[in-house]
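Trainee: If you read the protein sequences in the order shown, they are chains A, B, C and D. Each residue of the first sequence is one higher than the one before, counting from 1 in the UniProt record's numbering. Each residue of the second sequence is one higher than the one before, counting from 1 in the UniProt record's numbering. Each residue of the third sequence is one higher than the one before, counting from 1 in the UniProt record's numbering. Each residue of the fourth sequence is one higher than the one before, counting from 1 in the UniProt record's numbering.
Read the hints as simulated data drawn from the structure, not as lab findings. Beta carbons: idealized from backbone N, C-alpha and C, even for Gly. Watch out, some of these pointers could steer you wrong.
Stated by the list, open to error - Subject to a maximum C-alpha distance of 25 Å in a straight line, what follows is the list of computed BS3-like cross-link-like pairs (lysine-lysine): (1) D:K138 / C:K138; (2) B:K415 / A:K138; (3) D:K200 / B:K272; (4) C:K111 / C:K200; (5) C:K415 / D:K200.
To be verified - Derived list of chain D stretches under chain C, where covered just means 3 residues or more per stretch with a C-beta under 8 Å from a C-beta of chain C: (6) 51–64; (7) 131–139; (8) 179–187; (9) 289–301.
What the hints assert, rightly or not - Restraint-style ranges between C-beta atoms, simulated for each label pair: (10) D:D23 / A:P414: 52 to 60 Å; (11) B:T354 / D:P414: 51 to 59 Å; (12) A:K415 / D:G357: 21 to 29 Å; (13) C:D197 / B:D351: 56 to 64 Å; (14) D:R32 / A:G33: 28 to 36 Å; (15) B:P105 / D:A204: 34 to 42 Å; (16) C:G168 / A:P312: 40 to 48 Å.
4 protein chains.
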Amino acid sequence: MIDANLIEAENAARQADLAADYDALGARLARRGVDIEALTARAAGFGVAIPSWGTGTGGTRFARFPGEGEPTGIMDKLDDCGVIHRLTGATPRVSLHIPWDKADPALLREKAEELGLGFDAMNSNTFQDQPDQVRSYKFGSLSHTDAATRQQAIEHNLECIEIGQAIGSKALTVWIGDGSNFPGQTSLSRQFERYLDAMKAIYAGLPGDWRIFSEHKIYEPAFYSTVVQDWGTSLMIAQELGDRAQCLVDLGHHAPNVNIEMIVARLIRAGKLGGFHFNDSKYGDDDLDSGTIEPFRLFLVFNELVELEDTPGLNLAHMIDQSHNVTDPIESLIVSACEIQRAYVQASLVDRATLEGYRGENDALMAAATLRAAFRTDVEPILAMARLRAGAAIDPVSVYRASGYRARVALSRPKSTGGGGGIV
Amino acid sequence: MIDANLIEAENAARQADLAADYDALGARLARRGVDIEALTARAAGFGVAIPSWGTGTGGTRFARFPGEGEPTGIMDKLDDCGVIHRLTGATPRVSLHIPWDKADPALLREKAEELGLGFDAMNSNTFQDQPDQVRSYKFGSLSHTDAATRQQAIEHNLECIEIGQAIGSKALTVWIGDGSNFPGQTSLSRQFERYLDAMKAIYAGLPGDWRIFSEHKIYEPAFYSTVVQDWGTSLMIAQELGDRAQCLVDLGHHAPNVNIEMIVARLIRAGKLGGFHFNDSKYGDDDLDSGTIEPFRLFLVFNELVELEDTPGLNLAHMIDQSHNVTDPIESLIVSACEIQRAYVQASLVDRATLEGYRGENDALMAAATLRAAFRTDVEPILAMARLRAGAAIDPVSVYRASGYRARVALSRPKSTGGGGGIV
Amino acid sequence: MIDANLIEAENAARQADLAADYDALGARLARRGVDIEALTARAAGFGVAIPSWGTGTGGTRFARFPGEGEPTGIMDKLDDCGVIHRLTGATPRVSLHIPWDKADPALLREKAEELGLGFDAMNSNTFQDQPDQVRSYKFGSLSHTDAATRQQAIEHNLECIEIGQAIGSKALTVWIGDGSNFPGQTSLSRQFERYLDAMKAIYAGLPGDWRIFSEHKIYEPAFYSTVVQDWGTSLMIAQELGDRAQCLVDLGHHAPNVNIEMIVARLIRAGKLGGFHFNDSKYGDDDLDSGTIEPFRLFLVFNELVELEDTPGLNLAHMIDQSHNVTDPIESLIVSACEIQRAYVQASLVDRATLEGYRGENDALMAAATLRAAFRTDVEPILAMARLRAGAAIDPVSVYRASGYRARVALSRPKSTGGGGGIV
Amino acid sequence: MIDANLIEAENAARQADLAADYDALGARLARRGVDIEALTARAAGFGVAIPSWGTGTGGTRFARFPGEGEPTGIMDKLDDCGVIHRLTGATPRVSLHIPWDKADPALLREKAEELGLGFDAMNSNTFQDQPDQVRSYKFGSLSHTDAATRQQAIEHNLECIEIGQAIGSKALTVWIGDGSNFPGQTSLSRQFERYLDAMKAIYAGLPGDWRIFSEHKIYEPAFYSTVVQDWGTSLMIAQELGDRAQCLVDLGHHAPNVNIEMIVARLIRAGKLGGFHFNDSKYGDDDLDSGTIEPFRLFLVFNELVELEDTPGLNLAHMIDQSHNVTDPIESLIVSACEIQRAYVQASLVDRATLEGYRGENDALMAAATLRAAFRTDVEPILAMARLRAGAAIDPVSVYRASGYRARVALSRPKSTGGGGGIV
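Make the full structure from the sequences, and use the hints.
Mentor: Written out as structure tokens, the structure is:
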């Protein structure tokens, strides 16, 4: 997909500058008592999953403006994911979305192996009707008033598990759009009971070594109430289901102003944090590229994760979940993976002993300054060095552009039509 | 469309109860010094326009779940609007959306006349690409960096005016989705200059007896910045263009917590309030049915309009703009028209002399109580009596359901497919 | 305090009109199959507690503008509460705030009995330093880094229980301002552990027939993080402490746009809803008068309470918690009590069988209309009749004003000075 | 105040490391074609004013927790401002608040000169009543219903101008808390007319070389409506008053999610941007330390200012406006001045030619990356070098702490009492 020689040549042109920057940073960190190599090792060990649907151009309810060479199926999507991982070394897994990504499991495994990829959490879809679907999800799926519709949604989730087992996935993420658009439309309490019952049926079919993730979202597509509207409800669900049920936090699914890093800390305390959907947003669930709107907020989330990383049993599934409306999705995913990795490294840089000292003395000013000092450290040389050493690209976007990949696939992939939005 | 005999029969069954309720309310209002007949006359004189696109089922970026008998073109849409007006007597005009509603103007006029309808403001579309379109609006339309794209968008707006002239419209509403999804993507200042230049070109083509409405929206489909993001920018636009340029307020296009009734008062003061897009919302621009989420807020908007109704030159274009995702659009539009009319009548009920007395004494408690007393008055008998006298239905939804209209048109209109959202 | 003859005379002047309105409403409700007497009985049975501090004029961080005759101590406050209950018949209990309301329990009981009042939940204060206090709460109280400060705060809460036992209270409400103003200032996780430990110490001292209420608040006085920031954290606290720990929902303590009625439904499902602090707000925790900003939202909260009122074990403590900055606090509390009662009666009016029918058919439009029909019914005659029959005032504010109470107490109570805000 | 020898000694200990960091950064920037010396010169030329009230500990409506050695009057406050400027070299002016800072103008000038300080915009206060004040501002000031109260507020503002003239100020900032707490309490339109009339009276008294700044704020202390609620209203005011009237943007005074950098761009376009009140916030108008919550947002504001810095007539008054509740105010002001300067230097670093190239091609990804590349550059060596060369401190907070200043003034300044908040 991406010629190894190209990567090597491009890296060669940047290597001397990188070495200089890396050394200068290393010296500066050493003065603070920080070993740059330890950080580079952490960067190298970090990975975040790519959602298969992220490789296509997203849209809004108003329109979708596709780009050139849109992937036409899961095999194309895996190719694109392979490119991202080849260039960043930071995206070793792909998360599938059923039914769109259905394919022969053997072929999926083979293709992934070829690309150096594995499979992350499976994602079911009951927020959209499929052409061959017997019952509509217009008024809900797992929480529908009609038992047969709920059963159809349960079976779809069980099928997702089955597919996942065949390809080596170990988790199922359940996000539904169920809710209501009018006060009164639904019984808030009974709708939740129906949801819990349906989730219990899915949980009963969960293999012993799997986890199920409950994902909350304050609104959209339902605009007055949403069954799993916040982390409190998600926590109740995970508690009700059992040990293998955990909560997944999507950074864009909260009310304005909400302090997400506190939710992270609380869910870890409850033993119920399962993972993340990374993205950024300014207004609603805008699904913008990670770290592009409020990079400090992303850092603060990772600050909690690093502070609490030794919590027994903590095992997080990191995934990107973005809608790429005006960029080449591959480029956005490359940059986003690097931004997430950046936040992780910056958080790893926090001088925690010093921080705790200030906290103990209620020295708010210096405690905050300690955190900011880590955030404002430009760790780009660390990220780039980790990539270089892994055989990936010092500057992944430049190499991607130089590779001509998009133009190449545009030749073989049919032109996508626009239309009025759509998430697939 | 709706049999007059059916309306009459249904009204007959409700007339005695209505008379009793109307008399009881009249007596109660008389005690407050209010003449119920004057209110009923105001109700009868009130009208709000229907957007042609509101007759179809809306959707979100996740999905669209169409209903039975969706209108397939502007003639179907006009039929549906005719039904709404026939039953409510409160929706005498239709607002068209180009290019979707393009048709022979003579036929449009004839059809509308037959249905007792007129045409309200024209609406252009440059937020979505059409199959035959030369240049894409992916990166903007009237504010695009490319002059030819801007020119294409200008010409589309001029065409909307031309069509509007042929059917008797007197205004053009311009709403664009232009903006950006990333900090840095666009120059906030130069993008605005380009927009202003394009609007001036459109304004130059505006007939002398027309108005142009600038409509602001805080976000969506652009998620980091939007060219016409708030009423302040909309005001600058209207000031820059000239006397026939005014601002249109869509109730759902504001930041959380914003006091919309203040914006109404300010724009009237500036001589720049042109009209409204009515809807309701809880989270973002949810486009829910008017008066269903925060009815008191709708009342407060009308409270300003009634308080300032004698402002010289005030001439408001009232239009509904909603997305009907889970209801029959005709029913939602019927109910919404009535809710908007209700707020107007409630606001007309405010004892303004008493209110001003309390305000003059800074008697906050009684001033507020005076407003609430009007709001909590159940004016349904007034609305129903206005409908009865106009030959419309006392209970429009019941009559609509009894008429079997939807099932009837479902026979002749082809089945709509779902798909991933879309506003058309 | 308020002359019974005055009440009687004022009622006499309004009685005929009330009878006419009550009969007309009764007839209209009867047509819907609703017995007005049953509703009047429910209204009569409803009570909400008054917070002692609500009788004084509140303020902001910018200023406090006291009124005439401000209460100078708990006995004055009880007098004012007595007036409110005398006129509304709807506020039978008072909620005390320690240390401000400390007094000889025997005198408190005697005074309350004389006024026909009881005592509701006790409220501790660890968000402000008292003159004689050994350790400061500047950097927290129950979650402070310093063990001795935490112990001081624990002991204060235990003292509140002790005082409460002496006067017949059965609950303790714990709200603290602990949190941080800077990212990094405090460990979000360890601060929460310290809080939990402190609460366990208080819980250990809770009498067997008492409950402890955990109250969340998204922000203020802490502006970056708050220990008990949302209902999810409050739920974790209540679960951790035990059966007698429950959550208290203050309507003003949530992020923008949050759907509070869903939280109500969820906490009832978890068996953890303990009660409410009623108020209204537009922007932050504005503590405005109940039902004055978004009356429909208050109705929707009561809609959940009425729908779920038969839930086994449900036992709610209803309390007003408002800041009266520009009104006579007695008048605001009178009006607020009536607005809360109004929402309860409107919610009791919902035709639940019909509603469930529509919900079962996913008839969103008619389900919503059913709810709105109840909300827009003007139940004032029911509330007034309940007051009349209880010997309270048909029009409580008019009678209060006619009584000259405020001017009378202003003679004996020293003039209050303004100053820069303050909640006491 | 701060011993020059101490500064020199502290700087000496850090100078070698700074030189190394500065050189490494210089080399890295040179590779991008950026001259570090040009940036250091810009940093050196940057200044932001200190508000006199910022030197005292702030509070909330719940409490105020004063620190040691609180300033007791304007002379103490000037001393504290002198310390800040001495250590940062970035705060050359002080902004006074009348009536609290009233003093003999000759003494003020003398004191300021001694400390190397000048005077920035004057600030009036009509949101709080003073002990000797004839009419109360409880129900408003410049927009009060009572003409005599408005006149009192006008005269206070004219007095502020008079004082300002005597000390060399050239601007008056008008911020008022006027508004309402209840829908209906006030006429939104007439209240605004009264405000405009009062402002015109003040404007009539404005010296020819002065400017008047109108400052908007969405809410607080008024909680339902605020007369100058947003920038649109502020723009109308500035337009109505005349050329010397401009708008001041306080970063914390907006609705949630609002894009402030767009407002900056719009007001510059309208020729009406006068200056800033810098601070940061997460929820409401939290008045937290600049750059501590969302540093990227601060950068984006400066990105507009730098992009548009050559706009003819642009002349900005930069001021900090924060409430320091849990830190030593001097330390917070030191850090905040540096953070604001940091954002300015980072924005100055943006490669604008490259950025414009990407924008012209709608290369959203690379345009955004260009901006972020500037933001993530750690410009601390530039700021520190600018300080060193100006004779200020490389590490101002360390030197401040080493100086023992706070403990020293605590000996001579009387202990402040806490109390319930207050802004003074």
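Trainee: Does each hint hold? Answer for all of them.
Mentor: Hints versus structure:
1. D:K138 / C:K138: Distance of about 29 Å is beyond 25 Å: violated.
2. B:K415 / A:K138: holds, 16 Å
3. D:K200 / B:K272: holds, 22 Å
4. C:K111 / C:K200: Outside the cut-off at roughly 34 Å; violated.
5. C:K415 / D:K200: Between C:K415 and D:K200 the Cα gap is close to 36 Å, so the pair fails against 25 Å, i.e. violated.
6. 51–64: It holds: at least three residues are needed, and the region 51–64 of chain D offers 7 whose Cβ sits within less than 8 Å of chain C.
7. 131–139: Since three or more residues must qualify, the claim that chain C covers the region 131–139 of chain D holds, with 4 doing so at under 8 Å.
8. 179–187: holds (count 5)
9. 289–301: Answer holds; 3 residues pass the 8 Å Cβ test.
10. D:D23 / A:P414: 52 to 60 Å: holds, 55 Å
11. B:T354 / D:P414: 51 to 59 Å: holds, 52 Å
12. A:K415 / D:G357: 21 to 29 Å: Roughly 28 Å apart at Cβ, these two residues keep to the hinted range, so it holds.
13. C:D197 / B:D351: 56 to 64 Å: holds, 58 Å
14. D:R32 / A:G33: 28 to 36 Å: For A:G33 against D:R32, whose Cβ atoms are near 29 Å apart, the range 28 to 36 Å holds.
15. B:P105 / D:A204: 34 to 42 Å: violated, 56 Å
16. C:G168 / A:P312: 40 to 48 Å: Holds: the Cβ-Cβ distance is about 46 Å, inside 40 to 48 Å.
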